[in-house]
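Please take these sequences and the hints and turn them into a complete structure.
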Amino acid sequence: MHRRVPPPSPIWVGRQSELERLQVMLLHLPVALVYGVGGVGKSTLVYALAAGRGGPVVYDSVSAGEPLAALVDDVRRQLARGAVPEAMDDEERLRDLAERLDESGALWVLDDLHRLEENARIRLVDALGRELRNGRFVATSRELVPMLGGTADRFELKLGGLDEQNARALWANLDTLYGPSSGFDVAWTRSRGNPFHLRRAHAGGVHEEDPLSAALRTLSADQRLIATVLALSAFDMNVTLVERLLPEPRARAALRELVVRLILEVDGSGRCMLHDIHRDALLASLSGEELREHHARIAELLSTAEMDPVVRVRERCRHLCACERFAEAGQLLLESGAELIRLGVASELFRGFEALPPEHRTPEIIHARARTLARLLDVRRAHEELIRLDVSKAREPLDIQASLAHVSMLAGDLAAAEHQARAVLEDPRATDALRMRTGTVFALTRTYRGFGDEARAFIDAAERRAALPVHLGFLRFTRAFTFWLDERNAEAVEAMGSARAVARDAPPTFRAGVLGPMFYAGLLSSTGRFERAGELLKQTESLVRHEQDPRLRVSWHAMHAMFLHERGERAAALAELRTLEDAFHRSGELLGELWARVWIGRELMLLGQCAEAERLLGETDALARERGILGICAAVERSRREEPLLRLREERVETPHPEKRGEVTRAKAITALLSVAAGDTVAARGAIEAVRAAALGTDYGLDRAMVALAESLAARLAGNPDAEREARQRAEAEASAASVDPGLLGRLSDALGATRLVTASGRSMLAEAPRDDGHVIVDARRHELRYPGHVVALKQRPVLRKLLYALANRPGDVLPKELLVEQTWNKPYEPLVHDNLLWVNVCRLRELVSGSGMTLERDERGYQLRVPEQFVYIAPGRGD
1190 MHRRVPPPSP IWVGRQSELE RLQVMLLHLP VALVYGVGGV GKSTLVYALA
1240 AGRGGPVVYD SVSAGEPLAA LVDDVRRQLA RGAVPEAMDD EERLRDLAER
1290 LDESGALWVL DDLHRLEENA RIRLVDALGR ELRNGRFVAT SRELVPMLGG
1340 TADRFELKLG GLDEQNARAL WANLDTLYGP SSGFDVAWTR SRGNPFHLRR
1390 AHAGGVHEED PLSAALRTLS ADQRLIATVL ALSAFDMNVT LVERLLPEPR
1440 ARAALRELVV RLILEVDGSG RCMLHDIHRD ALLASLSGEE LREHHARIAE
1490 LLSTAEMDPV VRVRERCRHL CACERFAEAG QLLLESGAEL IRLGVASELF
1540 RGFEALPPEH RTPEIIHARA RTLARLLDVR RAHEELIRLD VSKAREPLDI
1590 QASLAHVSML AGDLAAAEHQ ARAVLEDPRA TDALRMRTGT VFALTRTYRG
1640 FGDEARAFID AAERRAALPV HLGFLRFTRA FTFWLDERNA EAVEAMGSAR
1690 AVARDAPPTF RAGVLGPMFY AGLLSSTGRF ERAGELLKQT ESLVRHEQDP
1740 RLRVSWHAMH AMFLHERGER AAALAELRTL EDAFHRSGEL LGELWARVWI
1790 GRELMLLGQC AEAERLLGET DALARERGIL GICAAVERSR REEPLLRLRE
1840 ERVETPHPEK RGEVTRAKAI TALLSVAAGD TVAARGAIEA VRAAALGTDY
1890 GLDRAMVALA ESLAARLAGN PDAEREARQR AEAEASAASV DPGLLGRLSD
1940 ALGATRLVTA SGRSMLAEAP RDDGHVIVDA RRHELRYPGH VVALKQRPVL
1990 RKLLYALANR PGDVLPKELL VEQTWNKPYE PLVHDNLLWV NVCRLRELVS
2040 GSGMTLERDE RGYQLRVPEQ FVYIAPGRGD
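In our numbering, the protein residues as written are 1190 to 2069.
Hints are not guaranteed to be accurate.
What the hints assert, rightly or not - Derived BS3-like pairs (lysine-lysine); straight-line CA-CA distance at most 25 Å:
id: 1; residue 1: K1727; residue 2: K1849
id: 2; residue 1: K2006; residue 2: K1991
id: 3; residue 1: K1991; residue 2: K2016
Keep in mind that the hints were calculated from the coordinates and are not lab data.
This is the structure in structure tokens:
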């Protein structure tokens, strides 16, 4: 339904300056409020504003007691010209409304804002003030909306009565339209320039103390019927609908008289509008019995009305409840539920159920209400209601049991879910469709409890009994999902391929047709097929946006989070997962919340925020174990394995799919560290360069820090303290910028080894010194020379040990005298001073190491230490 803005009155006068101010201010501010007492012309002013606007305009008016959600959803549907996605809450609802207004650059004109509850008024005005960019919002109100701290700017225009000159101009226009009327001076004094009261006075009744009461007393029965129906209606009825209240000649005559007497206005589109002043007076004059009679008449009138189906159901239900026909209202909701959900107004359906007094809610109503709550992602309340429901009084008890099994599973009560599912599956009255639906819940419940193989055996048996291709396809889809829950992705992809093959022969329902491709996108991304996965996500996003199923939308976001994770977009995946965790937590859907927390912990591990990850995973594991959700416990352990220190301790680094940037980069960073520690400088250099090329952006701060740490360790092995210090500083800076846990780099370094070894074949790092085992060991930490059967103390020989350490650090290399002098005496080489001194100490050292297999040789360039194959030099630590 697209409601057009009523046209401004043809005798509208005296408001040109206010109109121009309004137009100018809306160029700068997105929200304007026009407020003042009733009848002062607020609506006419904003109608004139809308009439002069070039872009799209949508219109609505607030009905007494109307909830904010219903109002906003009505306008969202106007902008979409059809169904819109169900919003999870008012915040999302208002954000979507602002996006739609911005997208079309539309103006929303809202009458009677004061009828909204005060907090709803404040939230509506503030949200649109903050969110709108291109769209505009103008509302009329008899009350000013409070401005709270931090509220967005808006334009407020207080409208008073006309001045005497413009009041006389209005009177003159009325004289021209309806004929001369005396009494302006009295009318001016009593109305204080209020245009509505001036018009009433011109029509007669100037000398009456209460012209409204007098006007209503003179209404004929037909006129009073039409006016009362319009007063009770929460929307402006069309002339065609109103005329059905009475036989043709009488209805038209009564309408015409009401228009002439200014009790009713009919705009160019045929909408009949009763002014609030008359509405209030009419309703105050009705008895309780008269109210019930008219509500029943309106309910009957709307039953065949051609109008927005959402408004028709809402209004019929309201009027049926008002005349205490609750059973009919409940049946109407049950019959209309599927259509309302398709139109994206499950919240509207729930409000209808809520309007029914508890004593008039049948088991079928309670069941439908609980399913609506679950659809709206309020699993907690749905679970509570189904548990309290007495199934024995229901016409379809198995259907209710199946719903209880499903909702119990979502709520994390797996024992209850399995018990209810078994009861349905073992009941011979269960239909094939109900068995398939319940069998899916049973299989998933067993998988979440840690018995995935048993669940798949159950599915095998169910497949053999499946008579319809659609049932077979759904069972195979369930098998794929159980493999995915167990993170056996290759098998999940194979099973999903089988399910898709069946779906080609027997097209599934629309919901399954959307859920299948989006789940397949998640599976494909786990195997590195991002292009196809991205295409499927884009296609299903478009479908989900128009399909009014909040659970489908949550499922899409879950698969999108997996897509981001597999593609290495860690921060984006983390943000998506946190949003999902919050949504699941608010809904009471424990399974979804635990699943999201497992993957949040995994992303935090990848980002190096391991303390927070371990806290979160520990809490998740404890709660899952308490509830017997052992499948989640297994997923927790898989997430813990992403802790960088554990990855470093693995015996080998697996080669990931080349398209999975995040996994490839982390594997290369781990390889760089392990290669440096092993002394494989070629492999380390290749891994470092690979990480530098791929680890761009904020997602890869830890990876960049890890390769800088590898460079620092390589410099330490090479005996280059300045390069070691510079690389370590780069590593710490990268880690700090990425919010990596303080100390994580230190733990990685310690795990690789604080002991630097030099052997005859190269350099490496070890966590602890090697055993002697027949080696010739120069130990700079303990200041000893050890070889089989001998331990030579060096602690009391400072000159000889420094000379030995310098030569042992580079076995086989000829070290020049300049270097040996600098490292032994920490002084620059002077031939006259140091040649003899160096020669004497080399001779003493040669004698000291004799018998160890090491020899000292001299040539014109300097001195060289030759070592046996079993030689090990343990370099001093940082504190030695």
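Looking at the structure, which of the earlier hints fail to hold? none
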